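Protein sequence lines, in the order shown, are assigned to chains A and B. Quick note on this note's numbering: the first sequence kicks off at 3 and runs consecutively. Quick note on this note's numbering: the second sequence kicks off at 4 and runs consecutively.
Hints are computed from structural coordinates only; laboratory data are not their basis. In this text the structure is predicted, and so the values were computed from the model without any measurement. Errors might be hidden in some of the hints.
With a cut-off of at most 30 Å between alpha-carbon atoms, the simulated DSS-like pairs for lysine-lysine come out as follows [said to hold, decoys possible]:
| id | chain 1 | residue 1 | chain 2 | residue 2 |
| --- | --- | --- | --- | --- |
| 1 | B | K120 | A | K435 |
| 2 | A | K119 | B | K159 |
| 3 | B | K102 | A | K337 |
| 4 | B | K131 | A | K318 |
| 5 | A | K318 | B | K205 |
| 6 | B | K224 | A | K374 |
| 7 | A | K313 | B | K224 |
| 8 | B | K131 | A | K313 |
| 9 | B | K191 | A | K318 |
| 10 | B | K102 | B | K224 |
| 11 | B | K224 | A | K271 |
| 12 | B | K205 | A | K374 |
| 13 | A | K313 | B | K191 |
| 14 | B | K131 | A | K435 |
| 15 | B | K205 | A | K435 |
| 16 | A | K374 | B | K191 |
DEER-style ranges, computed between Cβ atoms [claimed, not checked]:
| id | chain 1 | residue 1 | chain 2 | residue 2 | range |
| --- | --- | --- | --- | --- | --- |
| 17 | A | V275 | B | E133 | 46 to 56 Å |
| 18 | A | K5 | B | K159 | 40 to 50 Å |
| 19 | B | K159 | A | G295 | 53 to 63 Å |
| 20 | A | K271 | B | K172 | 47 to 57 Å |
| 21 | A | I317 | B | E133 | 39 to 49 Å |
| 22 | A | I317 | B | Q235 | 31 to 41 Å |
| 23 | B | D170 | A | V275 | 37 to 47 Å |
| 24 | B | K159 | A | N296 | 46 to 56 Å |
| 25 | B | G83 | A | I317 | 28 to 38 Å |
| 26 | B | L209 | A | V275 | 52 to 62 Å |
| 27 | A | K271 | B | E133 | 19 to 29 Å |
In this text, a Cβ means the ideal position worked out from N, Cα and C, and glycines have one as well.
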Amino acid sequence: MPKRFLSIWFRRLLTDWKTIRQPDLKGKSIVFARPDHGRMLIVAVNAAAEKYGVAEGMTVADAKVIAPNLEVFDDKDGRNLKLLKGLAEWCLRYTPLVAIDAPDGLLLDVTGCTHLKGGEPAYIKDLVTRLKALGYDVRPGIADTIGCAWAVAHCADSGLIVGENEHRTALMPLPPTALRLQGDLVHRLRQLGLYHIGSFIHMPKSVLRRRFGADMVLRLYQALGQEEEFLLPLKEPVAYSERLSCLEPVRTRPAIEHALQVLLEQMCKRLYVEGLGARDATFSWYRIDGKNGNIDIGTNHPSQHVEHLFKLFAIKLDTVAPGLGIELFVLDVGKTEPVSQKQSDLWAAQPGLNSDEVAELLDRVAGRTGNKSINRYLPDDHYWPERNTRVSDSLLEEPTSEWRTERPRPIQLLQPPEPIDAALALTPDYPPKMFIYRGQRHVVVNADGPERIEHEWWLEEGEHRDYYIVEDEDGGRYWVFRSGHYDADQPQHWFIHGFFA
Amino acid sequence: MLATKQEIIDKLRQDLLRWQGFEPPKASAEGSFGLPNIEASFPNNTFPTAALHEFISYSPQDTAATGGFMSGIIKTLLAGGGACLWVSATRRIYPPALKQFGLDPDRVVFVDVSYVKDILWVMEEALKCEGIGAVVCETRDLSFMESRRLQLAVEKHHITGFILRKDTKKVNPTTCVARWKVSPVRSKLRPGMPGVGFPRWKVELLRVKNGSPGSWTVEWKNRQFCQITETQEQKQLHQYA
Chain A
3 MPKRFLSIWF
13 RRLLTDWKTI
23 RQPDLKGKSI
33 VFARPDHGRM
43 LIVAVNAAAE
53 KYGVAEGMTV
63 ADAKVIAPNL
73 EVFDDKDGRN
83 LKLLKGLAEW
93 CLRYTPLVAI
103 DAPDGLLLDV
113 TGCTHLKGGE
123 PAYIKDLVTR
133 LKALGYDVRP
143 GIADTIGCAW
153 AVAHCADSGL
163 IVGENEHRTA
173 LMPLPPTALR
183 LQGDLVHRLR
193 QLGLYHIGSF
203 IHMPKSVLRR
213 RFGADMVLRL
223 YQALGQEEEF
233 LLPLKEPVAY
243 SERLSCLEPV
253 RTRPAIEHAL
263 QVLLEQMCKR
273 LYVEGLGARD
283 ATFSWYRIDG
293 KNGNIDIGTN
303 HPSQHVEHLF
313 KLFAIKLDTV
323 APGLGIELFV
333 LDVGKTEPVS
343 QKQSDLWAAQ
353 PGLNSDEVAE
363 LLDRVAGRTG
373 NKSINRYLPD
383 DHYWPERNTR
393 VSDSLLEEPT
403 SEWRTERPRP
413 IQLLQPPEPI
423 DAALALTPDY
433 PPKMFIYRGQ
443 RHVVVNADGP
453 ERIEHEWWLE
463 EGEHRDYYIV
473 EDEDGGRYWV
483 FRSGHYDADQ
493 PQHWFIHGFF
503 A
Chain B
4 MLATKQEIID
14 KLRQDLLRWQ
24 GFEPPKASAE
34 GSFGLPNIEA
44 SFPNNTFPTA
54 ALHEFISYSP
64 QDTAATGGFM
74 SGIIKTLLAG
84 GGACLWVSAT
94 RRIYPPALKQ
104 FGLDPDRVVF
114 VDVSYVKDIL
124 WVMEEALKCE
134 GIGAVVCETR
144 DLSFMESRRL
154 QLAVEKHHIT
164 GFILRKDTKK
174 VNPTTCVARW
184 KVSPVRSKLR
194 PGMPGVGFPR
204 WKVELLRVKN
214 GSPGSWTVEW
224 KNRQFCQITE
234 TQEQKQLHQY
244 A
């Protein structure tokens, strides 16, 4: 299928936006200005101001002389990009591939999308009418290449839809500015009398490159479709996506739940056929007033279970704000994994971590308390106590090494170790006779040790630790250590690191 | 014709227990816990599984001892399969140490919630989930109403729940089937031997439904519980001597 691109040019993005925000400005002449070398330069003008002859690049002082009651607003860096991003998200209802075309346009890859609205003219009409209803003055253009669509949207007077393989003829009468060229290059072309693209389109490539540089050639051939040009989509297209548009905007919870249910059924059917399960999913909604939102879920197991996924979304469904009504729901599944065959599990006497119920329980828990809250530990090949476990992100991952039990380890570990006063440690090899922890004296009656654990120098530098297991008069058993070497002249650093059962 | 009075009373007692939900033990449902003296103080002489157990702890030392004792029990509960969920907001459990009490640390899923009020929510959800063998939750307070909710979940889904109440200020009535307190006591080695012996605890049953409270000394030795009685200890001392 030949590619089709739609370029939308927002002619007065900033001023239109201001008028939408403040409806009482309608009909008044407004401009946006920003400081430049100690004066205020106009960067955006609305139609009313333009009538007086106010143009971009003028100073505000000059403009105020020719236009009475001129309202001036400060421009802010990146505001147009922010607006375009919102508009691009709004446009996602027309096609999944939308890109921002700075400073004041959008580019849509509409290949295979236009028939949904009944052809390209109807598609454009629908889009433009709705953007106009929002208050934006837009010019669209559809063509086979991005360059041509842009040229038509910005420079053509009529014929905004360029038919298949007609872009060459459509470009001929347009001025060189339609090629997205630098200002000085356009000026040079005009000086040479090249007012239309048609006047130089037949020139040999080498001549054009020599006279006007490689950039101009690239732009020309991009518009002609002889050089590749790619969109940088706002949202990465996902492999598994289902959409549901509503005939009438919906705003009640049962309706939203029903939409979610329908989407999940479609999605799970598709995943089931391919033997896959979802590891994450996003449910997004688009409101009629141009706002949108989404909720994300993640699962511990690849799942194609409608009820389970529905439950996970239901926890967060309260955050859906339908406002005046929602017209489109989209369900995306980003990460999929093959679902293991369950037949062998049927014979297992009692299910454990491999059971679906446990995985679904943990998904619900993660939905409420956050993904970080669920930890499953596997042994890691380190002696350093803080490092000998690692968190496994899968419930089915098997330990690669044995849990070590040859040395007793405390059942409660303090992280980080807390300093204690252990004044009565007599000689290098002996445990303390007494220590004070949190203001309480513990007289040591039995002790085991020392067990020296060295830092792994290839991971971290630091002092080694000499661990002792000590038992006090009341039967409390503690894991204490001295950090570093024993030195009679230096104060010793003792820490408590845990409690034995 | 009629049985003696004692037999009638025994029969009525059994009936009462059954009505209250204490089923007589099924044959070989689980392995033995290895705590015959303690099990004897429960109705039907069985450790009640599919019930809520409450453990009281006032100090970190108690919490550590309770952790060890609980792990030993959970090990038996999980012998037939299933997973364990450990719910806490202030967890200090060091997973590798669980292996010393026979519990595979990779079969325990730790849920570290950031809000205390989520602990009981997770606990209740877990008690309703098939495939879970035991649930442990560390909390400070448990009101009667909250314990009742958990009890209803337990009755329906037959999962054993352990509630570890750390630093609790007030011990209020709950629906838990038993209230325990485990505290460490000094380990004993052969006379003249240096070092620290096997973990030894004083296990107190403060309250048992339809049973008799008591206090015992238990040691963890060779991967199983070992009950210590006075006479036994005397005998051992003689042996060593």
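Results for each hint:
1. For a cut-off of 30 Å, the pair hint linking K120/B to K435/A is broken: about 42 Å separates their Cα positions.
2. For the hint pairing K119/A with K159/B, the CA-to-CA distance comes to about 54 Å; that exceeds 30 Å, so the pair is violated.
3. Taking the CA atoms of K102/B and K337/A, the gap is near 35 Å; set against the 30 Å cutoff, the hint is violated.
4. Our distance criterion of 30 Å between C-alpha atoms is met by K131/B and K318/A, whose separation comes to about 21 Å.
5. The suggested pairing of K318/A with K205/B is violated, with an alpha-carbon distance near 47 Å, which exceeds 30 Å.
6. At roughly 36 Å between alpha-carbon atoms, K224/B and K374/A are farther apart than 30 Å, so this suggested pair is violated.
7. Proposed proximity of K313/A and K224/B is contradicted: the alpha carbons are some 46 Å apart, above 30 Å.
8. A threshold of 30 Å between alpha carbons decides the hint, and for K131/B with K313/A the separation of about 15 Å falls inside it, so the pair holds.
9. With a C-alpha separation of about 55 Å, the suggested pairing of K191/B with K318/A is violated against the 30 Å cut-off.
10. Restraint check: the Cα-Cα separation between K102/B and K224/B comes to about 13 Å, which is no more than 30 Å; the hinted pair holds.
11. For a cut-off of 30 Å, the pair hint linking K224/B to K271/A is broken: about 54 Å separates their Cα positions.
12. For a cut-off of 30 Å, the pair hint linking K205/B to K374/A is broken: about 36 Å separates their Cα positions.
13. For the suggested pair K313/A and K191/B, the alpha carbons sit about 54 Å apart, so the restraint of at most 30 Å is broken.
14. For the suggested pair K131/B and K435/A, the alpha carbons sit about 50 Å apart, so the restraint of at most 30 Å is broken.
15. A hinted pair counts as satisfied when its Cα atoms are at most 30 Å apart, and K205/B with K435/A qualifies at roughly 25 Å.
16. Restraint check: the Cα-Cα separation between K374/A and K191/B comes to about 42 Å, which exceeds 30 Å; the hinted pair is violated.
17. Taking 46 to 56 Å as the suggested C-beta distance range, the pair V275/A and E133/B does not conform, at roughly 28 Å.
18. Between K5/A and K159/B the beta carbon distance is about 59 Å. The supplied range of 40 to 50 Å is therefore violated.
19. Here the CB-CB span from K159/B to G295/A is close to 37 Å, at odds with the stated 53 to 63 Å.
20. A hinted range of 47 to 57 Å for the beta carbons of K271/A and K172/B is consistent with their spacing of about 55 Å.
21. Distance hint check for I317/A and E133/B: the Cβ-Cβ separation is about 20 Å, which falls outside the suggested range of 39 to 49 Å.
22. Between I317/A and Q235/B the beta carbon distance is about 54 Å. The supplied range of 31 to 41 Å is therefore violated.
23. Between D170/B and V275/A the CB atoms are about 55 Å apart, so this pair departs from the stated range of 37 to 47 Å.
24. Judged by the Cβ atoms, the range 46 to 56 Å given for K159/B and N296/A is violated: they are separated by roughly 36 Å.
25. Against the hinted window of 28 to 38 Å, the Cβ-Cβ separation of G83/B and I317/A comes to about 32 Å, which satisfies the hint.
26. Between L209/B and V275/A the C-beta distance comes to about 58 Å, which sits within the given range of 52 to 62 Å.
27. Checked against the given bound of 19 to 29 Å, the beta carbons of K271/A and E133/B, roughly 26 Å apart, stay inside it.
When each numbered hint is compared with the structure, violations occur for hints 1, 2, 3, 5, 6, 7, 9, 11, 12, 13, 14, 16, 17, 18, 19, 21, 22, 23 and 24.
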